[in-house]
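Peer 1: Sequence:
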Amino acid sequence: MATQEEKTLAATELAGLTSEQLLNFYRTMVTSRRIDDREISLKRQNKIFFQISSAGHEAVGVAIAENCDGAKDWFYPYYRDRALMLGLGQTPLDHLLQAVGAEGDPASGGRQMPAHFGDVRFNVPTSSSPTGTQFLQAVGAAEVVTKFPVVEGLRERIEQFSEDEVVIVCSGDGATSEGEFWESLNTA
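Residue numbering for the sequence shown follows our numbering, starting at 53 and increasing by one per position.
Treat each hint with caution, since some may be false.
[Said to hold, decoys possible] Distance windows between CB atoms, simulated:
| # | residue 1 | residue 2 | range |
| --- | --- | --- | --- |
| 1 | 111 | 182 | 18 to 28 Å |
| 2 | 239 | 58 | 43 to 53 Å |
| 3 | 112 | 70 | 30 to 40 Å |
| 4 | 145 | 228 | 30 to 40 Å |
| 5 | 199 | 101 | 34 to 44 Å |
| 6 | 92 | 115 | 17 to 27 Å |
| 7 | 71 | 231 | 43 to 53 Å |
| 8 | 235 | 71 | 40 to 50 Å |
| 9 | 57 | 229 | 41 to 51 Å |
| 10 | 79 | 182 | 47 to 57 Å |
| 11 | 112 | 200 | 22 to 32 Å |
| 12 | 69 | 102 | 30 to 40 Å |
Simulated from the structure, these hints should not be mistaken for laboratory data.
For every residue, glycine included, the Cβ atom is placed at its ideal position computed from N, Cα and C.
Construct the entire structure; sequences and hints are all you get.
Peer 2: Quick look at the structure:
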């Protein structure tokens, strides 16, 4: 049987991650789940009128946030990407402001439904309710990224793009049966 020290050593050797990184990932995942729990409680009290859980999607979101740069990469999340948004730098307060439709909500100033993430600080355009629409928007952003270095005059008009950025699009499996998914694959 492995000792606690051996278990700790094995964990820190996982993909070259440090114990501190692993702990931060875990904190983000737990925070995501706790926000879900709080929103469920608020919904039961009729203090908010809509709630979408992100439970079960935390690890993927944390991994994406760790491997991307919220200052230059572009993100097209879907409604279960709370951990991704927390990993990029949103706070629990940002999520709760959106849940109650408060003016301080970074996605839309309280005008968008909860879990429709958006945040200009992290290059996250606000999303719409129909699932799958984010695919074509992400492909459009990726086209700008690829054309940025070669189109004369584009660099002067679009300051926030850099030549090595990545565009990330997320969705659930249900949205992959929609035409937008297949159209975006064809375009990409």
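Peer 1: Taking the hints in turn, state whether each one holds.
Peer 2: Quick rundown of the hints versus the structure:
1. 111 - 182: 18 to 28 Å: Hint holds: Cβ distance 26 Å, inside 18 to 28 Å.
2. 239 - 58: 43 to 53 Å: Since the Cβ atoms of residue 239 and residue 58 sit about 50 Å apart, the hinted range of 43 to 53 Å holds.
3. 112 - 70: 30 to 40 Å: violated (21 Å)
4. 145 - 228: 30 to 40 Å: holds (33 Å)
5. 199 - 101: 34 to 44 Å: holds (42 Å)
6. 92 - 115: 17 to 27 Å: For residue 92 and residue 115 the Cβ distance comes to about 25 Å; the hint holds.
7. 71 - 231: 43 to 53 Å: For residue 71 and residue 231 the Cβ distance comes to about 46 Å; the hint holds.
8. 235 - 71: 40 to 50 Å: Holds - the Cβ-Cβ distance for residue 235 and residue 71, about 44 Å, lies within 40 to 50 Å.
9. 57 - 229: 41 to 51 Å: Holds, at about 49 Å.
10. 79 - 182: 47 to 57 Å: This hint is violated: roughly 33 Å between Cβ atoms.
11. 112 - 200: 22 to 32 Å: holds (28 Å)
12. 69 - 102: 30 to 40 Å: Once the Cβ atoms are compared, 36 Å apart, the range 30 to 40 Å for residue 102 and residue 69 holds.
Figure legend: structure checked against the earlier numbered hints; hints not met, in rising order: 3 and 10.
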